[in-house]
Amino acid sequence: MNDPVRWLDDSKVADSVRSVLAAAGPAPPMPQAVHVSMVAQCAALAATGIATRAAAGGAWAKLVSSSIAGNIGKGLVVASLVSAAGTTGYYVFREPAHSSSALHSAAHQTSQARPAPSELPILPAAAAAADEVVAPATSSDALRASVPRKTKEADTQGESLVVEPTSSVTKPSVAAFDDPTIADEAKLLENARSVLASDPARALQIAERHAQLHPQGQLTAEREFIAVDALLRLGRRQAAWQRAQPWLQRAPNSLYSKRLRELFGNDGR
Amino acid sequence: MPPSQPGVAEIYAQHSEFLWKSLYRLGVPEADLPDVLQEVLLVVHRRLNSYDASCRLTTWLFGICLRVTATARRTVRRRREQPIDESAQEPMRSDSPSPEDLMVARDAKRRLESALDYLEPDKRAVFVMFELEGIACAEIAEMLGVPKGTVFSRLASARNTFLQALVRLDKIDQRKSLAMGGH
Numbered sequence: 078m079n080d081p082v083r084w085l086d087d088s089k090v091a092d093s094v095r096s097v098l099a100a101a102g103p104a105p106p107m108p109q110a111v112h113v114s115m116v117a118q119c120a121a122l123a124a125t126g127i128a129t130r131a132a133a134g135g136a137w138a139k140l141v142s143s144s145i146a147g148n149i150g151k152g153l154v155v156a157s158l159v160s161a162a163g164t165t166g167y168y169v170f171r172e173p174a175h176s177s178s179a180l181h182s183a184a185h186q187t188s189q190a191r192p193a194p195s196e197l198p199i200l201p202a203a204a205a206a207a208d209e210v211v212a213p214a215t216s217s218d219a220l221r222a223s224v225p226r227k228t229k230e231a232d233t234q235g236e237s238l239v240v241e242p243t244s245s246v247t248k249p250s251v252a253a254f255d256d257p258t259i260a261d262e263a264k265l266l267e268n269a270r271s272v273l274a275s276d277p278a279r280a281l282q283i284a285e286r287h288a289q290l291h292p293q294g295q296l297t298a299e300r301e302f303i304a305v306d307a308l309l310r311l312g313r314r315q316a317a318w319q320r321a322q323p324w325l326q327r328a329p330n331s332l333y334s335k336r337l338r339e340l341f342g343n344d345g346r
Numbered sequence: 013m014p015p016s017q018p019g020v021a022e023i024y025a026q027h028s029e030f031l032w033k034s035l036y037r038l039g040v041p042e043a044d045l046p047d048v049l050q051e052v053l054l055v056v057h058r059r060l061n062s063y064d065a066s067c068r069l070t071t072w073l074f075g076i077c078l079r080v081t082a083t084a085r086r087t088v089r090r091r092r093e094q095p096i097d098e099s100a101q102e103p104m105r106s107d108s109p110s111p112e113d114l115m116v117a118r119d120a121k122r123r124l125e126s127a128l129d130y131l132e133p134d135k136r137a138v139f140v141m142f143e144l145e146g147i148a149c150a151e152i153a154e155m156l157g158v159p160k161g162t163v164f165s166r167l168a169s170a171r172n173t174f175l176q177a178l179v180r181l182d183k184i185d186q187r188k189s190l191a192m193g194g195h
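First to last, the protein sequences are chains A and B.
For the first sequence, our numbering begins at 78 and goes up steadily by one.
For the second sequence, our numbering begins at 13 and goes up steadily by one.
Calculated from the structure, these hints are not laboratory results.
Bear in mind the structure is a predicted one, so any value in this text is a computation, not a measurement.
Incorrect hints may have been included.
[Said to hold, decoys possible] Lysine-lysine pairs mimicking DSS-like chemistry, simulated, CA-CA at most 27 angstroms apart:
#, chain 1, residue 1, chain 2, residue 2
1, B, LYS188, B, LYS121
2, A, LYS335, B, LYS188
3, A, LYS89, B, LYS160
4, A, LYS264, A, LYS335
5, A, LYS264, B, LYS160
6, B, LYS183, B, LYS121
[Unchecked claim] Now the in silico label distances, taken between C-beta atoms and shown as ranges:
#, chain 1, residue 1, chain 2, residue 2, range
7, B, ALA82, A, GLN289, 18 to 24 angstroms
8, A, GLY102, B, ASP182, 35 to 41 angstroms
9, B, GLU154, A, LYS264, 23 to 29 angstroms
10, A, LYS264, B, ASP182, 49 to 55 angstroms
[What the hints assert, rightly or not] Covered stretches of chain B, as calculated for chain A (at least 3 residues, CB under 8 angstroms):
#, region
11, 36-42
12, 52-59
13, 119-127
14, 141-147
The C-beta atom is built at its ideal place from N, Cα and C for all residues, glycine as well.
Taking the hints into account, I'd like the entire structure generated from these sequences.
The following block contains the structure:
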């Protein structure tokens, strides 16, 4: 059976109908900022298994903060998880608050009528259930309310919620979105993660390769998580512990730290 | 997970455009696409183990898009209810056609979107792919993992609903126009 004639090509169809169909534009292209956010989130999901673990707990989980990492020694990026039913998931980049408009205009070019993602309220239930929100810088009062003490203390330099902000984290975040290497980063880390169980030495090797290729990479957090996991699997507990220290000390209540401690806990038994 | 099974990052890298377009075809407003895509990726990640390669990956992904969209549909509909003012606020570019042409084009687009909103998600997707994007039925069938006959029947049903929706929208517009004292 052949396809029917498309209405647009069918002169028997009323002009009024065809003119309506002709008004359709092509599907909108994905904004680069959104693409980068999704790549980062996929990498975070793959590296930490966040969604899987949260799902096991029966809660609907959403990664509200992508983990675009700066230098592990300077900036902090922590993936944050909100468990709540019925919240609108959204993505928040770590960024200085003053540059958020640039990001949001890029991510939501056609949605001026809507609030930018970071302005969307988190439902009280979600805020209460939120893990420490360190990464996203936002002026949202709702989000601010969900930030624990430690982060609030760091919130003295204006609106940024980034712990220990340094010059490296206050550069305009938009630059990160023009960086095409983030897909390479994600791919590399995905490779590392896929061999983590079967060949942790190889996974570590790939993680180190990531460190060489992307010393200022945006997925540093995921890389370090994989590296620590690989070291533990190789029985190099001391090395793993040392490697995890910067994270554990800087953001002890963060999701990454919790996951790291779980790794050590499991390994220690 | 064995290396042969793709992870969410790999799936996204290969199918980001498919996912984005599928959600758009299913009627997710452009402004909501990032949120809904994020939700889809979470589901993909959580259900990776349930993908058994007995169907095409795109079929599996489309199924997820369909379910996520169906859940969010009520919200989506609600948000769609005031599209006129939004478009009226769009800034005019200097290379644009005349204001009259623009208004006609905007009105047609608004009618299209409103009429599409009357369609069930799976039928809407078929309608959009066939009528608006010109994808052959066989290809649509393969993408969605359904027989070609199902695509035909969904298309026929969608066409009916679409025409009825246009008639209904005409009546609503006429009523509004009368209420405002216009012609």
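| task | List in ascending order the numbers of the hints, as given earlier, that are violated by the structure. | result | Violated hints (numbers, rising): 2, 5, 7, 8; every other hint is consistent with the structure.
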